[in-house]
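**Q** Each chain is listed here by its residues.
2 protein chains.
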Amino acid sequence: MAEQKQRVSADNLRNFIAGAFEAVAVPGADAKVIAELMTQADVNGSEGHGVFRLPQYIRRIKGGAVNVKPNIRIEREMAGMALIHGDNGMGHLVMKFAAEKAIEKAKTAGVAWVGARWSNHAGPAALYANMPLAHDMIGMYMAVGSANHLPPWGGLDMLLSTNPLAVAVPAGDEPSIVLDMATTVAAYGKVKTKAQRGEMMPEGWMMDRKGNPLTDPKRANEGFLLPIGGYKGYGLALVLGLLAGNLNGAAMGKDVVDFNNDDTSETNTGHAIVAINIEAFQDLKEFKQGMDTLIRDIRNSQRLPGVDRIRLPGEGTHTTRADNEKNGIPMPPALLAALDTLAGELKIAKLAR
Amino acid sequence: MAEQKQRVSADNLRNFIAGAFEAVAVPGADAKVIAELMTQADVNGSEGHGVFRLPQYIRRIKGGAVNVKPNIRIEREMAGMALIHGDNGMGHLVMKFAAEKAIEKAKTAGVAWVGARWSNHAGPAALYANMPLAHDMIGMYMAVGSANHLPPWGGLDMLLSTNPLAVAVPAGDEPSIVLDMATTVAAYGKVKTKAQRGEMMPEGWMMDRKGNPLTDPKRANEGFLLPIGGYKGYGLALVLGLLAGNLNGAAMGKDVVDFNNDDTSETNTGHAIVAINIEAFQDLKEFKQGMDTLIRDIRNSQRLPGVDRIRLPGEGTHTTRADNEKNGIPMPPALLAALDTLAGELKIAKLAR
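Just so you know, the sequences run in chain order A and B.
Heads up: the first sequence at position 103 corresponds to 103 in my numbering, and the numbers run straight through without jumps.
Heads up: the second sequence at position 86 corresponds to 86 in my numbering, and the numbers run straight through without jumps.
Pulled out of the complex, with its shape left as it was, chain A reads as follows:
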């Protein structure tokens, strides 16, 4: 059932995305930043968080839900923290600003925690957790998801999102370790993909309102996602939401707007990014050597029968990125068709391929 995908170069994708944002009055420099980050998401294989979201982003800008000329600014600041007011700008712009601020502050404070409110969906969590890596820092990112799909444990009302956590840690000769996880067993995008392909879901992804396993993805709206580890995943989704949402004065619980089904409302999305300056804690070279040793110990450890390789978090992404940078990003026909339609609406050139 594999779809016939076409490979598109990162350059072509970047130009197309920037052009689309410029067509809805996003200033050129900002359009470039958003296009670069969205393209990185696709290059890294985060299919559900890259250009796939473009029609929705453009629709929300056209609907007045997102501010195309935000005054993104520091609202509060101390030595080890800052709170960013996103002025309802695109989340990519807000979180790039926040990550840069965290990195700058961690140079002198050792560790800096930067929260953001009045932001919007910013793409995959790892994009921002990765930013401190180039400065020999560890990055940690948390967000309130942009739609509630998760009830509290034992409940029916979807008061929580799949609130993600990403942590990126640099190594020496080995690739960095990058964990990027939703707090549900499956992300909602995976359910949509199963539905599109006419496949059933395994038990454990979703539950119906009577507490029975829900395996038909076409009935997804009759149930809800399940958290990892039962009540533990519920607790994790909740506290990530408190740290990225409540602490910043951003939306949580009932206040979260489902941005998939709303083109006019501000979301007041909250995120947080932490930059940890490794040299504040220990010698950088020793740290990296220790990381390399640990990574090799894990990779070369004994395997369960039938397992071909022990993977480190982020390993799949590193492989995908190398492939996509060389051969282009694989794009399914349905997505290409949607982007062609968008190009027509915006009166811009179609995505070159």
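If you are wondering where the hints come from, they were derived from the structure by calculation, not from laboratory data.
Since we're looking at a predicted model, the values are computed, not measured.
No false leads were mixed into what you were given.
Pairs involving identical chains hold if they fit within one copy or between any two copies, as the list cannot separate such chains.
No more than 35 Å apart at the CA atoms, straight line, and that leaves these computed lysine-lysine pairs for DSBU-like: (1) Lys-69 <-> Lys-288; (2) Lys-107 <-> Lys-254; (3) Lys-69 <-> Lys-192; (4) Lys-69 <-> Lys-285; (5) Lys-192 <-> Lys-218; (6) Lys-32 <-> Lys-350; (7) Lys-101 <-> Lys-288; (8) Lys-254 <-> Lys-285; (9) Lys-285 <-> Lys-101; (10) Lys-192 <-> Lys-210; (11) Lys-288 <-> Lys-210; (12) Lys-210 <-> Lys-194; (13) Lys-254 <-> Lys-288; (14) Lys-107 <-> Lys-288.
Dock chain B against chain A, hints included.
**A** Relative to chain A, chain B alone:
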């Protein structure tokens, strides 16, 4: 199969624990601090992490594995961080020192991250995450567990521990939210309890070396614990270990000493505590009102059939604490017998009850 438990007052327990540590040359003031924290663990219902550990702690002190007169000190410091050298002292002393330092620094930096190395097992994670609460701060605690029970996903070699995470967030009129979770489906202590009671474990707790479910707790040493959410829990255990271990120059992976089966080796245990000053981010009163609203929205939300109550993380602990403070801490006969034996060995008075 419920054991006949005897209730012991917190005061009696505290005195007994302090006396035991003094009997092995721990200075009186330090013995009091450790006794207070261990008693809090029992009052909170963390049965596997309170006085249950006392015989083991004393054995390791007698074996020379733990330094009874440590010079716990700040090794490195910047505005938003510190690294504590525990000098191989009891983990409780090291992490109380670290948490107080984090709280002090967060007053001026807004957020402070304090790591520790050359520490030891410190009891339940929530003890330290809770410390910032009294200062209207959020607390976050991570640790490298003191024994490896978890292989990397797809692997057989137990290179990881059940590395715990605790996050404590204050509310207004409602009790604080306190998440305290291991990254495995079940903690190893639960397996031991099942074995003691002659009960089988549910599928999903453990796996044998062929990849089959292991449900007989008496065969626990033929397999290993399973992480929450499969590879996600593996990733979470790993990055928590990187943050609490590698970053601080503490033991991780192959270097972790199983302190259950070793009375002579230093463990170089690593932990991290983060204190987040809520007022740095927003008005404290508004934050607490928002927390109360969210907590009530969750508690009063619709329930699955058969569910009597939607719980918030930490709710069970709050209930247990109130009960134990009033009626004493329930202690199983086997534990009381072990403590009596210990009292005989140390030539101190038995635990009063």
